[in-house]
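Enquirer: Sequence:
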Amino acid sequence: MHYIRTTILTLLGLTALAVMAFGGRSVESHKGQVVVTYWEKWTGKEAEQMQQIVNDFNQSVGQQKGIYVQYLSMSSVDQKTLVATAAGVPPDIAGLWNSQVAQFATINAVEPLDDLAAAHGITASYYKPVYWEGCRFNGHLWALISTPATIALHYNKRLMLERADSLRKAGLDPNRPPRTLDELDRYAQALDMVEKTPNGQKRIKSAGYLPMEPSWMLTYIPYWFGNKLFDEKTQKLTLTDPDIVRAFEWVKSYSVRLGKDSMTEFTNGFGQFASPQNPFLVGNVVMTLQGPWTANYVEDLKPSMNRWKFPKEKEKGMSVEERRKNYEWGAAPFPSAVPGLTDVSYASFDTLMIPRGAKHKQEAFEFIAYVNRQDVMEKLNSLHCKNSPLSQVSEQFIRNHPNPYISVFEELARSKNARGVPPMPIWPEVADELGVVAQRVYLLQAEPKEALQDAQNRLQEKYETFLERQRLRAKS
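As numbered in the working numbering, the sequence shown has no gaps in its residue numbers, which increase by one up to the final residue, 505.
Calculated directly from the structure, the hints in this document are not laboratory data. Please note: incorrect hints may appear among the correct ones.
[To be verified] Calculated pairs, EDC-like style, for lysine to aspartate or glutamate (alpha carbon to alpha carbon, straight line, at most 16 Å):
hint, residue 1, residue 2
1, 74, 329
2, 408, 75
3, 478, 272
4, 341, 351
5, 341, 329
6, 341, 357
7, 257, 270
8, 289, 278
9, 478, 278
10, 186, 351
11, 186, 357
12, 354, 344
13, 186, 202
14, 225, 294
15, 231, 290
16, 491, 458
17, 234, 191
18, 331, 357
19, 257, 162
20, 231, 294
21, 257, 372
22, 186, 221
23, 231, 221
Make a model of the complete structure from these sequences and hints.
Expert: As structure tokens, then:
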């Protein structure tokens with residue numbers, strides 16, 4: 030069995046450390062303990078921070094209960110987990126994404142957690158509803174959460190004040206963010222800095238807002254237009270509904286107003302999100318749609334934005350409101366296109382799942398339950414600069430969080446208008462297709478209605494084929 034496990038791990042391209050996770054040396058060094066293998070996707074600081082949580086467990090609950098968690102960071106963790114599970118040598122815990130809950134549950138790749146969670150007192154009331162529902166599919170619980178997030182409008186307060194005259198001329202207030210989508214568009218246009226080249230072309234120096242920055246958020250833009258993307262009752266995608274067409278028409282409007290070529294040239298100069306050339310950090314865009322982790326990236330890549338008025342050390346003991354005054358940026362709910370539809374957000378999360386056939390389910394869940402303890406969850410999500418998925422949140426978590434706007438993300442997570450991924454097993458494929466639609470629309474290569482109709486036809490057919498295959502497998 031050791032040979033088979035080592036061979037599978039080698040085929041997966043894992044490191045020697047991974048082989049040790051299954052091999053004799055690691056087990057020998059923890060005699061009397063059950064070794065729980067945990068595969069996770071994070072790298073860099075996020076991986077190191079999760080290692081802190083693993084170490085805390087091993088030195089406390091794990092030591093008391095004879096459990097040792099062996100943690101391994103890796104790329105393509107979803108694919109490697111599926112391969113290892115199919116081969117009968119899965120890890121005991123896999124750190125995956127919310128988009129894979131329905132997918133992995135449907136293909137019988139993970140274990141249901143209902144009984145284990147109930148035995149540890151983890152029920153619906155323990156979680157914010159949007160996150161609890163995201164962990165469930167077809168009446169069962171398949172995952173719990175490590176780190177969650179909601180997304181919100183981030184805006185550069187300093188740049189808004191520097192361009193106050195332009196905002197006031199448009200009848201807008203430079204001291205607050207937009208509250209409706211119409212206002213967002215007006216703020217964006219007033220904040221744009223565009224010049225004409227000698228040949229009469231537009232050259233964008235700075236944009237107030239761009240829907241495609243970042244592009245991965247475009248998949249969920251229909252939430253702010255009042256659509257859920259998928260009808261659970263009919264099991265039909267809703268990509269051709271008028272409000273979704275309207276959402277993509279809105280994306281297109283920015284390309285039309287700024288000019289496709291000018292905008293493409295402008296965005297081609299953007300740096301990666303996790304780099305000092307991040308367009309929000311360098312002022313290329315004044316407003317952007319992002320998650321609470323932004324505060325950590327600002328601190329790492331452009332700390333001056335977190336020290337606008339005074340040195341950071343002075344923040345100790347200050348109220349949240351006082352701390353916010355020291356930040357050049359702010360965060361607020363992204364405005365909706367629908368009157369009366371407020372506090373809309375996409376709620377994402379990282380999951381902890383137990384792959385089908387895992388050897389140490391009980392012990393694996395001891396670690397998952399530990400991560401979901403309020404004190405541990407708040408420590409992890411403070412380190413990762415995210416909100417909490419739990420219904421109860423301490424005042425200390427809010428007051429000392431590295432993001433002084435974390436209460437904005439907490440309130441969005443509690444909102445009845447917070448939305449997760451649609452509960453359909455092929456959602457990762459749908460999301461990829463919608464990303465292509467968004468790109469074609471903002472490059473003016475396709476009309477929104479036609480592009481969405483094509484996507485609807487292809488994806489609905491794929492989904493129905495997938496369901497039929499699952500029915501045939503169930504019968505065999």
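Enquirer: Determine which of the earlier numbered hints do not hold for this structure and return their numbers in increasing order.
Expert: No numbers; nothing is violated.
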